[in-house]
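S.K.: Chains A and B, in that order, are what the protein sequence lines are.
So the first sequence is residues 1 to 394, counted in our numbering.
So the second sequence is residues 395 to 1322, counted in our numbering.
No lab work stands behind these hints: they were computed from the structure.
Wrong hints could be hidden among the right ones.
To be verified - Straight line, CA to CA, 30 Å or less: simulated DSBU-like cross-link-like pairs of lysine-lysine:
#1 K1283(B) to K282(A)
#2 K753(B) to K282(A)
#3 K1283(B) to K630(B)
These numbers come from a predicted model, not from an experiment.
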Amino acid sequence: METVGTHVANSGDTELKSSDRDHVSHLSLDIGGSLIKMVYFSSGSSSSSEDDDDDDDDEKHNYLKDGINTSNHDGSRGKLHFLKFETSKISECINFISSKHLQHYGDQDDKDLASDENIVKATGGGAFKFADLFKEKLGIVLDKVDEMSCLVAGANFLLKAVNHEAFTYTDGQKDYVKINHKDLYPYLLVNVGSGVSMIKVDGDNDYERVSGTSVGGGTFWGLGRLLTKCQSFDELLELSRQGNNRVIDMLVGDIYGGMDYSKIGLTSTAIASSFGKAISEKKELDDYRPEDVARSLLRMISNNIGQIAYLNALRFGLKRIFFGGFFIRGHAYTMDTISVAVNFWSKGEAKALFLRHEGFLGALGAFMNYEKNGFTDITHQFMEQSCEKSNLTP
Amino acid sequence: MDSLGERENHQELNIGINGNLNIDKLVADGKSKLNLDTGKDRGSTVLGKEEKDMAPMAGNSIHRSSSRPQLDLSGAAIQGNFEEKDPTILLPNQSDDISHLALDIGGSLIKLVYFSRHENQPVNDRSRRIIKARLGITNFNRRSFPILGGRLHFVKFETAKINECLDFIYSKQLHRGGMDSRSWQIEGPNTENTVIKATGGGAYKFADLFKERLGISIEKEDEMNCLVSGANFLLKAIRHEAFTHMEGRKEFVQLDSNDLFPYLLVNIGSGVSIIKVDGDGVFERVSGTNVGGGTYWGLGKLLTKCKSFDELLELSQRGDNRTIDMLVGDIYGGMDYSKIGLSASTIASSFGKTISENKEIEDYRPEDISLSLLRMISYNIGQASLISYLNALRFGLKRIFFGGFFIRGHAYTMDTISFAVHFWSNGQAQAMFLRHEGFLGALGAFLSYEKHGLDDLLVHQFVERFPMGAPYIGGNVHGPPLGDLNEKISWMEKFVLKGTEITAPVPMLPPGTTGLGGFEVPSSRGDSLRPDASKLNVGVLHLVPSLEVFPLLADPKTYEPNTIDLSDPGELEYWFTVLSDHMPDLVDKAVASEGGTDDAKRRGDAFARAFSAHLARLMEEPAAYGKLGLANLLELREECLREFHFHDAYRSIKQRENEASLAVLQDLLMELDSMNEESRLLTLIEGVLAANIFDWGSRACVDLYHKGTIIEIYRMSRDKMQRPWRVDDFDIFKERMLGSAEKKPHKYNRALLFVDNSGADIVLGMLPLARELLRRGTEVVLVANSLPALNDVTAMELPEIVAEAAKHCDILRAAAEAGGLLVDAMINVQDCPRERSSSVPLMVVENGCGSPCIDLRQVSSELAVAAKDADLVVLEGMGRSLHTNFNAKFKCDALKLAMVKNQRLAAKLINGNIYDCVCRFEAADNSN
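The following block holds chain B by itself, in its conformation from the complex:
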């Protein structure tokens, strides 16, 4: 997968540690006009080496596109050290009309959204081109996508520290279109033409500052416009963007983008705007209130002497509002006023208790004051919004979304708002929140560029990734961008040392409050968490225009890839333990795959720390990264490995097993050929199931490896298979394939085989099954991972394996030739592939993933094309047929084959035991 392949080319992480990493690189070049904020204890440790690595993204970001502003590539030259992996490319003639950056400068925070592009790597692999010709893909980057793949980054700065923001923009050269190059002079000829879109009050206030420091002009965009277009974009383009929050629990909501309007958008900034949105660009501010985030902070500051909004919020976490608020019980002598539905702990009057006591401010705990204030304001906003909502119900309003900086993912705030909405609507309405709540305006400003090309993007074209460090910092930027891998590792090492208290949740005193803005204390799990634990992290949005929804899904709208629901805390804990236990072994493999050098060990350690931090964060707040499924966890691990440049931890193991399996393939094929049709089909399916035991992702199987050779284990495993299997639809499948007294055999036109592991699994399991299908006149497409994940076979490795196997088998050879997999043997195949071959073809396509699981809403476009004529889908292995897709329904026949190598999963899913087998056959679902 192109977009996944070059992630190390670009840094999305920008962090510093307590001033150790700080901003002095810009001072060094002496040409900067920036007024640098020289921190108190700025360390001198860092940034010399960053000089040469600063611009890693440039290498792959060049592309010409007719509908986008173009880069001028004339005179491009690699700059600096040619030994470098991803050298910066100097583009001396690039003009400045590309804007990748938009800002929302609010009263307290600056939100910045910027886009970094990368080009799909040219597909030079000859065999792949032949397959594409075969599948009729004429132009891989075809169709209506004017935009390239790329990434949307979301970062925040405090407005008070606007210099950090300016430095950041400068260091990434975002004001130059993000094509940062060291050699560019800030006084370059065209800077004064650069125009950056911005919204928020600060867009007016700081316009001169931006002009002076960065030489860029700010073009002000209307705030409401931006909010609305940002919200519309997020709600349409990001799956599970919206969630509800009741009693400390988040539930992500899948919205139908065709059924979105009209909705009510409540933006809680310093003040509150309540906007009815009827469509793209069609909205009306129906109400608002001046009691908002600014009131909370302003009053809170006066009352508690807190220095920041976050400090004030944190205080509230430990507060008890009963000392300040007059509760119904205070008035009624501890009794409820149940006649009108008020319980004793309902707040009758915010701050009302301070009337009757002879105390002064100093006599009250700031914590209590902060909490009373927070509830008063949240509740009030919820109520005002709800009434606006009820009024707007007459216009067919469907939903009410809350966004803006005041919320900040703060659990009590969201709970209070949710409660107010729930209470006053008698449960009829539900408040929803947005994961990217703080970025609506900035995103809207970004979208206001005329040619951003994002208009037509669809939800399946976004992949959100959480880079290293995300568990600690979310979207906040502390310090300068990290330059290279080495700095990342250093950061990880240092941060984990200093930040252990963050990795492990800090137990805190339960707030012990009862009256939450008119409702009972939420049974929040947040008692033992750090104050901002409920905050959601915002990852980097990867735009991969080539991703598509798998066309054979029966109902993409209701499709849910994950079988296991990790919102069940027990499940979550179990899988976290599994992943943690597996980690040392994985690190060993990874380090060994890179030669076991000191550098590899250091990277291995950093990987382990980074991934552990992700896990700790997710244990703390399972919704931190959005809706969490097992597939996401497994993918996160692979991403994390790649981030530390472990591209293929199992490379040597895979190679060894492939060789060992290929050595015995001939014997197996002879054995199969000696059987009659019926027992051959059974033996083949048994073989797939037996070979699926070779799985380095399974602890149980790793232990097995020490007990015998591959073929021994394979035969033993196959011989032990006693039908009926735990899930056994073999007879139905057999009848479909071979026919029966009543039915004729069915000849499939094209089968998609989603393969799993290297070694025996592919060679002794899936290839023989593919061969049988080919023999029966069915075209076979082997669907394999785009990127390595554990010991899964990849689309890049398959042609070689097939070629080797073809040496022993005419059927495979003819089919592989026809499918263009044996390019070395054929000179002109690419010119006339169809004429040359009479055999049905065997082809290989990549699935678009780098994970042991597969989300069929986001597959490669070539798989989508290959699926067009397919009438059989075979999903093999735990990751793709059990962890995910066990319940998936297809428009064509589907066969799901796996050996369950995990006791808990076996018990949970099929009420069975470890090593039980699943052979599930489902005829085409034509209900939709």
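Bound-form chain A, shown alone:
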């Protein structure tokens, strides 16, 4: 799920055995400031053909998709699909729903009560903002679900139900972490969307938003767009891969004439001031390579998020910090920077953990919110499959 238009499922597929197929609900949305995240369920019988369709759609639309395979008790398989669209291109999302007739797969139990209304669970600010639009275009009534509770529910679901969901990332090395369900709480959930929310999670529905910052994915993309003229978030990320932040960042060595400031534990290559070197040079924006700018920006924001997250974890004595949200996108350098920040400030005592389904916590949480989704008691009903084992489509 790294680049637009390519059908990649790097988070793997998860088989699901659901107790009662009839009660599985099919569509939920997380409409954020930058991206719309969608989760829908398709039954195993039709999944194969649908996925073929998806591939065609992917080439036409700017959405990304991913999937978790599920199967119910009687062995028939189903699949959870994960897609995202840019919020600014919401019409593409609506067209997609319409083309797949997903609007009819909301909370079907309510059909008897509200005859021609389809109710779809949705979260994120856009659930409020675009409610009328969905009603008008698709006849869907968005049932708004609180954003934080969705994030937490989504994360709890993933951490409990999906094996190998969480991993650490150090020096390019991914290490999956086995989480003991009984020893999951409390933890700090850092959701890096357009902005950043930091939530202390103490139990299934027991959480508190303890901190947050407006310097998040939206800042990276927004500033990056202005600075590099990139057309998409992913393009910007890709650029940063090839950049060298030393060109723009003021390093400790720049200030101390190449020396470390070892007294306070700063090496000469530590960043003293992000973008600080731009001060003293007579260069204009065009004189800098976009790659270097993107790199500095990414480091600044990742580092900052990592640091504030660690400080909050320290404050509440939390052992684990999970990072989610679309900003991360499994991007190696982002995860590396966040990991380094947490490691540096905690003097090695804390570790940053990432989630494979990082971007879909909210949408998944909204999905969980259907009263009879059949996943309520998930931990006993999921059957894990190794992510390496299964591929994109059954």
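Chain A is already provided as a structure; the job is to place chain B on it using the hints.
M.R.: Same frame as chain A, but now just chain B:
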């Protein structure tokens, strides 16, 4: 007061106008190695005359002290024109080991702290020596102060213009220990030994440059060390150094220096360091972030093409971040996300809105970009700091201070940081800022000299003064030092012409923004101000080691001299109007006192401009000079007069009134002596109150003067006094003095009489009261101003007045003799003063002030000594008993006497009217 007396000897002001004043004097001598920055339009107007006046401070800066590096005075000679007022003294043999200078060379600014010393003028006045003998002061400059009085100066340069800094140092000869002398050759024998302490990254980068240009070696001091010791010094030594800033409003905070540690220091330079400080030299960098001032400037430069940090900051003032930032309302369709406490105008994602729009950089206003950036970074710093603070709370942390060049007194920056701290701590923590924020490092480097002697200085030994030009330039240096008074006047004339737009606040469009880094727009008063209006000015710190806290204050910690709180905008405006209205009259008096010459007129004009500029600045930002009380304003006016060499504007008026009053004193004393004890005491108090009407500081009273002679007004005024007065504790005082059926009379041992005006006030009011006390066996110490202020009588003038009065009165004569005030009449009194006199003495001491008010936290050491055995304090006059000290509590009995000559004050303070009287008697406060 010694420290105040010779201010004109040294220039603390260094300014230029648009290149008109520029640096070419050094080129002239041809020996300079300096690579001078020859400005584009350098004028040729100036600096010939500066040659001879360049070194004004030298005259008084010589002193020997055992614990300081000493000056070698051998061969000292006055240099140049002997007619000059404060000639430079040449010290050919002075070695170079005195370092008065320290630097903090940062990435954008060079901060320079330097110290200029002056010696306490020798007290030659014979009568004063006798008083000191009498009071048991054996050595005036006694005790444990190894350091002399002097001044700490704070100046800033842009690092990009480092040549200006080098020129400045050279022109003031700071690298030679500040003893600048024209005749010194820069190639002098010892220059290579000079070592200057410096910190900041540039201390490494520019070390060679300093060596090459000035021949000085830079000794690098650790940056964190310097920050911490600078902050510790400021927080301990400067009263009201710290302040909070919420919604555009500054509140100064009085810290208890015994209860300071541990605290968190957040220094926002290019990057941010978060330091936990546990004590002097004990600290730990607990956190930091690379998103700091450098990020703001660097990113801002790339995005807006601004040429300087200040330009970028200024842009932000007019910005609207809603066009750039994604607000909660943008996501939620205008609604709040109230469940987690986010309002619609909270920034959800900085720069997030630029994602969804198809605009390029050029399509956004640089103003908006700058503001978004500023909020993003300020907010982030506030948050990171706050969390560090919360973490450190476990270690008993008390406060969180923010400093560093990024802040620059910028209102929105401070508001954003304050808000972040407030918001994330649920109001539990408050961000504090420091007035000298930018100078922490430089000050720390200065303090790292082993023998600076500043370690033991206490808060009451510092007096901060704001010289002419401060309203315009703060601590920034533009151009070369000004050499003499004439240049100051010229500068004032030119600058005011060019700078009128600065004197009068420029109205600007309200920024009209709503989401300030996650909070509603601060109801900042700054809308109509120029961008840097909220910046605080940094004055010159005068070190006066002889100042002490008045020992009789009941509780010095809670003592607040000012009665009127000028943070109330209404009060502020009123008193500004009063001072402005009074100005023409004052200028007339001042000019007349100097003979009314053209030169005096020119000085008078310059004074008026300079003082008006101060007032305009303070109207604009009342906190610009620190915590502002009426006493500070009145003192500022006197300082400003002295700066333009008006040493005693009311000299002739005072003299005339003294003579007129002395002429009728005999009659008055006879009248008093004919009364019984009780009516005499009442008449005496009435007399003090009546005589207090003679006050040139009061507009109403100036008008009165045209209507009669002194004695007429005095008698009329006294006869009109109808008890009860508005505040009338006379009966309690009387009972204390004379006793009653139940109580015996109380005999005071020593009374301190804080006197006010010359003329009738002292002669017909306070002297007769002093005489009554003497008669009852009480020692009397007349406490008068060290320096002239309006028509207040000074300690220098009093002996003469007393001597004249003594001619008509045996009691006064005997007491004055005993107190050593009549030296001319006694040959050997100084050898054996105590044996000679059987009478209780009448003495005079100076109070250490040059203001119509008195701050009892900073009084002269001789007053402090005299207070030791005193058991009665009498404060007389509006300035000392109403404007200040009305609410002061003392360890001994106190009597406050004044006639209120201002309607507003009367209404406000005592719910009365103009000419109402205050006779407030308070028995000793022994609660503390």
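S.K.: State the violated hints by number, sorted upward, taking the hints as numbered earlier in the document.
M.R.: The structure conflicts with hint 1 only, although it agrees with all the remaining ones.
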